[in-house]
Every structure is written in structure tokens, then in C-alpha cells.
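With the sequences and hints as input, model every part of the structure.
Those protein sequence lines, which keep their order, are chains A, B, C and D. Residue numbering for the first sequence follows my numbering, beginning at 52 and increasing consecutively. Residue numbering for the second sequence follows my numbering, beginning at 453 and increasing consecutively. Residue numbering for the third sequence follows my numbering, beginning at 19 and increasing consecutively. Residue numbering for the fourth sequence follows my numbering, beginning at -13 and increasing consecutively.
Heads up, some of the hints might be wrong.
[To be verified] Pairwise CB distance ranges, derived in the manner of DEER restraints: (1) D:G463 with C:H480: 35 to 41 Å; (2) B:T455 with C:V20: 57 to 63 Å; (3) A:W58 with B:G640: 53 to 59 Å.
[Claimed, not checked] In silico lysine-lysine, BS3-like type, Cα no more than 27 Å apart, as pairs: (4) D:K459 with D:K385; (5) C:K489 with C:K72; (6) D:K168 with C:K448; (7) C:K167 with C:K118; (8) D:K427 with D:K82; (9) A:K158 with C:K167; (10) D:K168 with C:K417; (11) D:K8 with C:K448; (12) D:K82 with C:K377; (13) C:K451 with D:K82; (14) D:K134 with D:K567; (15) B:K649 with B:K494.
Hints are computed from structural coordinates only; laboratory data are not their basis. Only a predicted model underlies this, so the values are computations on that prediction, with no experimental measurement involved. By construction, the Cβ of each residue, glycine as well, lies at the ideal position given by its N, Cα and C atoms.
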Amino acid sequence: MSLIYNWMYYIASGGLILIGMYIILVKTNLIKIIIGLNFIDTGVNILLVCIGYVKGRTAPIFSTSRINPTNVVDPVPQALVLTAIVIGVAVLALALSIAIKVYEHNKTLNVTKIRGLKW
Amino acid sequence: MRTRKIISIIILLILAGGFILTFSQIPFGKDKINVAHYYISKGIEETGAVNIVTSVVLNYRGFDTLGEVTVLFIAAIGLGAVLFTEKRVQKHASKSKDDKTKKASLILRTGSNLLFPLILLFGAYIFVHGHLTPGGGFQGGAVIASGFLLMYLAFPKQSINKKSLSVVESLSGLIFVGIGLFGLIFSGYFLSNFLPKGIPNTLFSAGIIPIIYIAVGFKVGFELTSVIDDLLGRGK
Amino acid sequence: MVNPSLLIGLPLAFAFSIPLFGLISKKIEKYIPIIALFINMVISFMLIPQILKKPIVVSIGGWSPPFCINLVVGPLGILLATLISGIGFLVSIYAVSYIKEEPTEKYHILFLLLMVGAIGIVLTGDIFNLFVFFEILCISSYALVAYYKDKEGTEAAMKYLIQGSVGSSFILIGVALLYGFFGTLNMADIASRITSANPTYLFITLAFLITGFGIEAAIFPLNAWLPDAHSSAPSSISAILSGIAIKTGVYGVARMVYTIFNANSILLFIAFLGLLTLLIGEMCAFRQDDIKRLLAYSSIGQIGLIIFALGIATSLGVFASLFQIVSHALAKALLFLAAGYMIYRVGSKSIASLNGLGKKMPLTSFAFTIGSFSLIGLPPFAGFVSKLSIVYAAMQVKKPVFLAFIAIALIATIIEAGYFFKIVQNLYFKEGKNLDKITESSGYILIPIAILAILIIVIGVHPQFITGLLKASARELLERAGYIGWVLGGT
Amino acid sequence: MQLITILVVSFLGAGIVYLTGKFSGRVRDISAVLVSLAVVILVGLAYNQKIYTNFYSLPFLNLSLSLRLNYLSWFFAIIVAGIGFLSILFSLEYIKDYQGVGFYYFMMLFVNAGMLGIVLSADFLSFYIFWEMMSWGTYLLISYKGGKAVAAGLKYIIMSVAGSLAMLFAIVSLYASYGTLKFSSLASLLQIASPGYILFLLLMFVVGFGVKNAIWTLHTWLPDAHAEAVSPFSAVLTGVLVRMGMYGFLLIMYSIVGLSLLHKLGYGLLNFNYILCWIGAITIVIPTFTALLQNDSKRLLAWHGIGQGGYMVLGIGVATSLGIAGGILHTLNYAVCGALLFFVVGAIEHRTGGVRDLNELGGLIKRMPVTFIAGLAGISGLIGVPLTNSFVSKWMIYKTLIMENYPFLAFAAFIGTWGTILSVYKFLHNIFLGQLPEKYKDVKEVPLTMQIPMILLSLAIILFGILPGIPLKVISGIEKSFGVEPLSTTMFGMPKEIGELNLINILAVLLVAGIVVYLIFSLSAKSRRVNQDDNYAAGLFVPRGKYQYSARFYDQAYRIIGPYLHDVVDDFYYWLVGKSKSSFQIVRQIYTGNINTYALYILLFLTLLIFVKLGWGL
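This is the structure in C-alpha cells:
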């Protein structure tokens, strides 16, 4: 049981990453592929948070004096996740806008048909 | 397609194996904190912010945040650049359609009017208190943008003035970089916390952190708004 | 002393202020990148002598190195930063009259931010910060590739975006795992602790990082985005992408392999990959009819050569690789700029449509010829010296495998010569159609092209201008103890 | 300093000529002539000096570039400068009506400067640099005329690049092994190298120089290039540029590797020199007979250029004192004859509007007498008629082959001469003799600036034919520097020990014979002079247009030998290019355009990396 408990978050993050990759590899709908990218992003974010987590400790905010400096989790991954989320949002927004344009030009979102550029 | 699926599954299995091997070296929930010990023990004293995440985000790793703000800025600008042409065309086309199709219900309109200032206030609260409580410029900015999104839903025909948006965006960006450059002038380090730290756990503390967070809050809020605006296919 | 953080801070400030300048007058906007990058160029030139004496480590925020982000301005960093700001400066001059499609304001902002990203990548000493700057570079280039909003551009941007963001996710995974292993993000700190982890498992992290940076660096199976993106972007952006963006990918790979992981076992494989990239790039380029696509594939080939030389891993090999980076950046930027304006004048991208332009646009064609000769590696141009150094470096290791590799690389050069000489002939010795209205490029176009051509010749004739810096840079990559010492103090 | 002056004058001169061309065409022409004349004088003044200078250093590779002058380099330098000067002089009128004349002069002078650089350089790096500069300059000049020349230029440069890359490979490997590229140091360092390594070096260099010197299997660029280039440049090409390969052979084989090492390469008949001799012999026979089939005057000469190159290779391949001297002397002699013949063709082209087809020309003897005499001198030289220059060099080569007991090689050389006689007779006859076509009635002799180079070269043919001692003196100096026993010579030929050759005697005999013949003819019945246009065929009026028995001159011979002379090598290269093109097409399809596939590549790469690491412990 403790094995699952210990590995749960890792499984979630790795699973999300792998599912995202599978979507990118197999799905032909452009929007779905972008969703796949987001899956990977989320998976990585979870991974970052997992890495910073320490069992039984609290958030690194010393708003009350009861909090012991030895009893907080690692603040750095949380800061990194913050950045990573924003970057993910930025990429997502740009991806969607380009997808809109691609649809306008090709009248389809099927990537197997959007093959004007090859070789 | 079938073969591709099989190949991808094989690849992903190998990758999963790689993940398992690596994760086995990084035990979950154990104390692996290394550099961050410094932040936890010295953070309050050095930056004046009780939220250590904030002090990491804005002081120790403030450069990342500057980059992050830049990324968001790029996304907003890039979105504007990519979706540029069809705006004018659609504006004409949509005008006639809008009257019939895009009219929000009375409840939505009244509720939005009521909620909008509150949302703005809440957002402002979040980014002003970024150094004290969980939260900060990005979160606050997102809340503000949600308020604008609500307004777009309620009043689909109206649109925010893009020019003032971009002015706020670039001004707040400039403030961030400017503070960094001031730091360079006053204490010789880019983005150094040159303002007085104040007493921890009070609103006016933590030196440059609140100022930057306010700028970031405005910037993120308006950038996300302009992203929404662009994706709606309107704007100037 | 000039603070190197200005190299990032100032252009960023200029980029943020472009909309404000736009309020004053629409005409000022396009000169802002020129000013910003010119200042950058001057600063980096001023820094070079200092850095050759002693590398500068600047912390952002004022804490001591492992605890905050710091810029490590060693010879390699300043070399690439100078190259980036120099080429960026020239391209921004070019863009003044080349970019006419609205919204020009947004183009200039994105362009300047792209340069900020590239400079940040080469200067930063923190691996997560590296990722952030990498994203700045990538996202702005996605948007710029789609800048024309035509069918090709958006399609290319879409493909670039998907592959690029898979790559940056990989980098982030790598960064996260590294943090998990070592609890620090400072590259020097990681490098000094790298022996404490099990190398086999650590390798998976390295694999993620190499793949991530390899996508931007266009190593063979990862480079499918490149021909699309480079050929459909505006030519000024193609010049930047080919001249600079892929080099930052190479920098990333080199930094990971050499400085951080000290992964000597993988170098032979990297050299092999480089060779494969070279061959495939040249083969594909040979069959192209679209001039920009041809140049893009040729970039793949050249990047293969660069990575091959990087894999030789002697001081001369790394030196040659960096030299090739410089000479390829100059030549490819020149080629894209010149070809871009020819395309603009002719209205078609096909090689056949360039026929006879040598008489109508003599200076542009002449510069194009110089660029292509330099890429083939003919004396007295810069490409010759760099290619000679690569061949010599490969021979010097005295391993039969490298002897075979370099022989294959030379055969690839013949293919390269085949298509470039063909284009030069098209320019000068073939009769063109409908050339009556075509005139020589205007001043803003010619100045950067001419400067690049002169630089190619000057470096080719007198390579000593840069070899000192290149040698120091090669040393920086190979002597990781030195790098760790600069940042963390002691040795 | 003197050498640097020569190079600076020739390179800067090229630039100055180009710049002056922007202001005035006339000044440009004059300055081009002056620059090339200055180079001739400067090179001439350097005669019999031994100079060595470093002129540049590349500290990052620990290399310095240096120049040197000795007999070998002076010999080639004077040929380069001389032919270069004459071709510039010839170009003045020839090139007037072309586009981009400034570019033409610039490239002519530039290529000449490059060649001077090649022969004057004292280390392989500068040699290679000048070599490549010459190569790409030549490529631009060959393609200069446009049209068909474009394909010819491309073919040339691709083969040339392939050759020079082989050479680069050898040069860099030399540097990696010995840490120096100086000829003099390498010459001593190589003496202890293993024969296998030397063989590898020689092989690479033979490919590199062989492309330039157009030895058989590497010759296919030459006919196209010579035919399609502008004629003054064809003269430079055939006379000197191609012979840079010859210079290279001499340099690597005798100046650097040395005779004693060469003899150790291989066993019995399978040794390097013998194989080279056979390559030379094949290069003589096949191209010379291919020349027989040509109807394009320049192409015919071009094939002869290849064939004569074979004599030179054969001569130096035999590696005796006499043979080497013969080979070197033939280089000079062919440079004179070849350049002269291309001038002749150029003159014809100039006056007839670019006609090169031998079947369309004819009867120009009366219209262009000077050109005719030049042509006659040229072909006599080419054949090796006694009292012309090639007689001496060919005599030396034959003599060597016979003395060294190589009967088959000697036979090949003789056959080559027969082929030469047959085909140059066709050349001369079809242009100058026979019926004059209507359209050429108003053809005039070429202007003086075109006549002068032809006259000078014709005189040179006779001069070197009677006084071979002049060049042979330099050549014996060259041989001394090779460490080969120098040839003892007299002003008029060879002394007795080798086999008497005294051209004064021959001259005397021939003079007497000539007088006798003249007397007989003048005493016999006079023939009636007929106007050239006054042609009747058995009382019928000649149809307008061609009525000439020389059209398809060797028609019978074609049918017999034609099938054997098909250029298989060329076909092979085209096949190779075609095959590689189609394979590139297959490779190209990696980039399918499908984003899923691209993502698959990325993940495949990643898993490959992981798999390789975990599977094999890379």
C-alpha cells in the first residue's frame, strides 16, 4: 500500500506525460494534439511539485510564528511550477491562435491532410 | 495506423521504463532539499517576505519571473500578430449578426455588472498581498482577466480599448525591468532588492516585491484580457 | 565595468517600450530594435577584452551564486552574445524596409524579444533560467514564423510549435529530474555534484535534455520542423533562425554534454549523429527547387558539420565547431537576406526564377555568391578556414573511425557544392525572363548584406580576429573544472 | 619580397582593372594589358633566383604560409604569365561585344594570379588556397558565355571540387602526421614514412591533380569546358590551367616524395610509376582518336589537350632523367601550341560569328593568311614535325621509352602521334582549305592585337624547335632540384651520350631538301591559279551552300572506330549522378509532412538514446 502511496504522484505525472505523447503520436486532430501538449505540460508540473514535496510538512509561508523552518517543503519547485504554468498557458494560447489560422486556410483540422509542406 | 499505434506503445513502454528507473533514484516525499535550505532559513531576513515562494519567485529567482512575464507578453503579442488580418473583416461581418445572436441574458448582464468590481478588487488583493499569503501577480492577474472575460460574456458587442491595454502592458513591463535596472544602479546587481525591507508580515514590507507584483498583476491581467479579446476575433 | 546583465535588461526594456513609442509615432518603432541591438553589440564588444582576461560572473539580485540566478559571461557566452547581437543588428536594419506587412509593431517587438531569448540562453548560468529563455526564443519564433499568416506560414508554425513544445517539455522534464537528483539549479553546482548520482539513471535525464535541445539544434531525426519553418518565415526571420536560433540549440547540447554531465561516452555517438544530419541535409537540399527550402536544408547540413566537430571533443574540434558556427551564421544570414530580397523582387521562390538576376541586382547577387562560396568552403572566405579546421581536428585525433567520418563529410561537401554552384550559375549565366522592372535593392537592404559579405571575407583572410576568442571558448567548454571554479569560487 | 610583389601586383591588378572598368572601357583594356605585362616582366626578372619567404601565419593552426621560387616554379610561372599576357592581348578585340567585360578581365587576371600563387607557394596550405581560388575562378570563367557553357562549368567545378577535396584529405593528413606543410620539411620527413602511407598520399594527390590534368577517367569535364569557354580562356585552360595538374604531379612525385621512395612503391610491374605510365598511355590513345571524330573545332582541340597531357604523364611516369625532362619540356611545348591553336579558333570564331563546326567552314586561307600560318605552325607543333618544338619533347619521350624497354608504351605513344596527324589535318583542312562558303566571302583578317599573340607563339614554336637548349637548361636545373641526375644538353639538342639530337643538322638537311623541292617545283609546269569561288563540278554549277568533300571527313573511319571510342567514363559519371539523384529523392521522403510522424521521430530518438544506453552501456 505504501508503495502505491509513494508512487501515486509519480505514476500520475508520468502517466500524464505518456498519455500526452500517445495523443501526439496517434491522434490526427490538431486540437487534440494541442490538448496532448497540455497533458505533457500538466504532467511535468505535477512532477515538479512531487519532487519538491516532503512528507508531513507544510507550505513555506511563515505567516504565523508557529511554523518551524525545518518543517516546510521545498519552495523552489513551487516557484518553478508557477513559471512553467505561465509558459504552458502562453504556448497554449499561441497554439490555438495558429490552429485557428490553419483551419481558415485548410478548412480542416486533420493533420494528415495538412501536408502542404513536405520533402 | 495500426502499426503506428503499436510502435508508439512500444516506444512509450520503453520511456515508461526509463521514467521508473529515474524515479527510483528520486524517492518521493523524502527531504531532498539542498539549496532551498538557505531560502527557508534566511528568506525572511533577507527579503522581508514571509511567503518564501514569493521571495524565491521575485528575489532569488526574479530573473525567471522577468522571463516568464516576457513569455506571456510574447504570447499576447504573437497572438495579436497571428490573428491580425481577419479582425477588420470580421468586425464588419459580425455587426449585423451580433444583434440577433449575441445578446446575453439580463441575469448575466446584471450579475456581471455587480461582480466585476468585486472581482477586480479580489484580484488586486491577491497581487498586493503576494508576499504575505499564497498568491501573487500571476494569480491576481488571472483573476482580473476572469473579470474581463465575464464582461465579454455579458456584453459581447463592446470591446476594451486595445491601445490603453497595450500601454498598461508595456508600462508595467517597463516598471519590472526598470526596477531591475535601478537595482543595478543602486546596489550593483540587476533586480536586487534595494528598497527597505520593512517589518515582515506587514503590508509595506519586502522591498521591491510588492511593487513588482503589482506591475505583474496589471500586466498579466491585461495581457490575458487582450488574449481573450484577440481570440474572440475583435479588438481594434 | 559594464555589467553584462545590461545585455539582457536593455533590449528587454526597449522591447517593452515599443508600444509606447508607437503612441508617439508609428515610424519610430522600427528603429528601436536597431538602437537596442546596436547598444548590445557595443557593450559586448567592450566586454570581450575583460572577459578574455577573467570571466565575469554576475548574480541577479545580489546573492552568492548557488542561491540565485547568475549570468556566467565566459568567452563562449560573450562570443555567441556578440554574434547574436551583431547579426540581430544587421537583420534589424534589413527589416526596416523589408517588413511591410502589418502589424509591423508586433514584428519588431517579437524580433527583439527573440534576440533577448537567444542572448539569455548563452549567458545564463542557471538551468531553469536557460529553459525560460529558451521558451522566450521558441515562442517568439513560433509567432514570427506565422507572421505572414499565409497557408504555408501557419502550417509551418503549427508543426514547429508542436515539435518545439514537445522539446521544451523534455527540457523541463530534464530540469525537474536534475533538481530531484541534486536539489539545485545552478549549472556549475550541478556539474560539481554530477558524480554523486548513478550515471546510468542520470543518463535518462541527459537523454531528455539532449532531445529537447536537439530539436532546436536540428539534429537529424529531430529536424523536421526546420525546412518548413525556415522556408515559410519572413526572410529576415529565416536569417535569424538559421543564423542564430539553431546555434543556441547547439549551445544547449554542448553545455549539457560537456559542462554539466561530462558525458564523454556519448560524444562518438553525437559525432555520428552530426554526420548523419550532414548527409541527409545535403541530400535533401540537392533536390530542392525552392530557394529558401534549399537554404534551410543546407542549414541542416551545416549544423550536422558543427555537431560532428563538437563530437570530436578535442580542443581543436570544439574550436573548429565554434568557428563553423560563426562562419555559418554569417554566411547563412547573408544568404537568407539576399535571397529574401531577390524573392521579393521576383515574386517567386523557385530557383529558376532567379535566372539572370546577376545583371539586374549585381550587388545582392555578388553577396549571395560570396555567401555560398563560403558555405562550400572555398578560400579566401571564412567557411574555408572553419572547414579546414574541422577536417584537421578530425584527422588529428588519429582514430580510423574519425578518418572515415571526415571522408564521408567531404563527400557531402561535393553534394553541397553541386547545388550552390548551380544557383550561382543561375544568377549570372542564365537568361532570365521578365526582368525588365527589377532593380537593385535599396540601402537598408544592401547595408547589412554588404557588411556580412565583408565580414566573411575579412574573417576568411584574417581569421586571427576571432580565433583567440574561439580558443578561449573551446577551453571553457572542455575544462569544466574551470567553469565550476568561476561560479562557485575555488577550483 | 619579390614574390610577394608578383602576387600583390597580379591580385591587386585584377581588382584595379575591374574598378577602372567602371569608369572607362578603354582604360580598363589598357590597364589589363599593362598588368599582365608587368607580371611577365616581374616573373622574368626573377629568373635564376632562389627565394623563400613567409608571408602570412595562422597561429591558431600553428601554420605559416610561405612562398618560394626555384627552377620548377619559375618555369611554370613564366608559362603562366606569358600565356596569360598573350590571351589578355588576344581578348582585347575578341571580347569587345560580350556582356560583362570588366568581370571577364577581372576573372582572367584573377585566375592567372591564382596560378602564379600555386606555382610560387612553398607549403601545401597556400598551394591549396590558391588552387581553390583558381578553381572557382575558372568555373566562373567557363560559365561566362551562358547557354551550354553553364552545364560545362558545373561539370568542371563538381569534378574539380571532388579532386581538390581528395587533395585536402591528403594535405590535412600530412599535417596531422608531421605537423608541417612545408614542401622542404615534408620532403625529408616523408623519407621514413611507410610505403602504404605514401601510396595513399599519392593516390589522393593523383586524383586531385588528375582531375586538373585530365588523365583518363578523370578527363570528362575537359572537352565540354574547353569547347564552351571563350577562346582566349580556352587557350589559358589548355595551355596552363590544365597543366597545373602537371605541376602538382612533379611537385608531389619528385620534389616531395622523391625518386628513391617512388621506386619502392609496389612489386614488379605493379608499381606506381608503371601504372601511371599506362594511365598516361591510355590517356594518349583514346582521347586522340576521339578527337578524330569531332566536328567542333574547339572540341577537337580539347581532346588533343587531353591526349597531349598523356604524353607528359607518360614522360614523367618513366622516371628517368630523360623522361622527366621530356615530360616537362612537352608541357611548355604544348602550352605554346595549344594556346596558339585556340587563338586560331578564336580568330576564326571572331570573324565568322562564332562558327566552330568544321563542316561549315572552309577555304579561309586567302581571307585570313596570318591565321592560317599560325594554324599551320600550331598543328606542326602539335604533331611534332621536326624543327618545331614538340619534335624535341616527343623525341625525348620516345627515346626514353625505347631505352627503358617499354615497347608497348612506346607503341601507344606512336599510335597517338598518328591519330594526332590525322585529326589535326582535318582541323587545318576543314577550316582553311577547300571551298570557301558563300557567306564567308567578306571575311577579313583579324585585327593586329589578335595577330600579335599568334605570331609570337608561332615564332616560339620555331624557336624552341631549333633551339631546345633554352628551355632544357631550366629543365636540367629543375631536375637537379629533384635530385635526379640532370640532363646534359646543348643549345641545339642532346649530346652524344644519350643519343645524338642536333637540330642544326636537321635544319640544314631540311633546308637543303626544301631548296631542292622548291627548285623541282619551280622548274616543273606551272599550275593555273583559279579563283576560290570559281568552282565547277564537271561543268555543272555548284549548288549554293556546301559543296565540300571534307564534310564528314573521316566518315569511313567513324564507322570502324567510332563504337570503341564512346566515352564510357562520362556515361558512368552521368549514371552515377542520376542514381544518386534518385536516391536523394528517396531520402527526402523522410520528411513526410505529417506531424504525427515527426513526433514519432522525436520519441524514437529519445528511446533510442535511452535504449542504447541501457542496452549496451554506451
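Holds or violated: are the alpha carbons of D:K168 and C:K448 at most 27 Å from each other?
-> violated (42 Å)
When you check the alpha-carbon spacing of C:K167 and C:K118, does it fall within 27 Å?
-> holds (13 Å)
With 35 to 41 Å as the target window, see if D:G463 and C:H480 comply at their CB atoms.
-> Check passed, 36 Å falls within 35 to 41 Å.
Holds or violated: D:K459 with D:K385, Cα cutoff 27 Å?
-> The hint holds at about 19 Å.
Can the restraint linking C:K451 and D:K82 be considered satisfied, given a maximum Cα separation of 27 Å?
-> Holds, because 25 Å separates the two Cα atoms, which is no more than 27 Å.
Outcome of range test on Cβ distance (A:W58, B:G640; 53 to 59 Å) | violated (47 Å)
For the pair we were handed, D:K8 and C:K448, check the Cα-Cα distance against 27 Å.
-> holds (23 Å)
Holds or violated: B:K649 with B:K494, Cα cutoff 27 Å?
-> Answer holds: B:K649 to B:K494 is near 13 Å, not above 27 Å.
C:K489 and C:K72: Cα distance at most 27 Å?
-> Holds: C:K489 and C:K72 sit about 14 Å apart, inside 27 Å.
CA of A:K158 to CA of C:K167, is that 27 Å or under?
-> Judged against 27 Å, a Cα distance of about 15 Å means the pair holds.
Has the given pair, D:K82 with C:K377, been kept, meaning a C-alpha gap of at most 27 Å?
-> Cα-Cα ~18 Å, so holds.
For the pair supplied as a hint, D:K168 and C:K417, confirm whether the alpha-carbon distance does not exceed 27 Å.
-> holds (24 Å)
The structure shown violates the earlier hints numbered 3 and 6.
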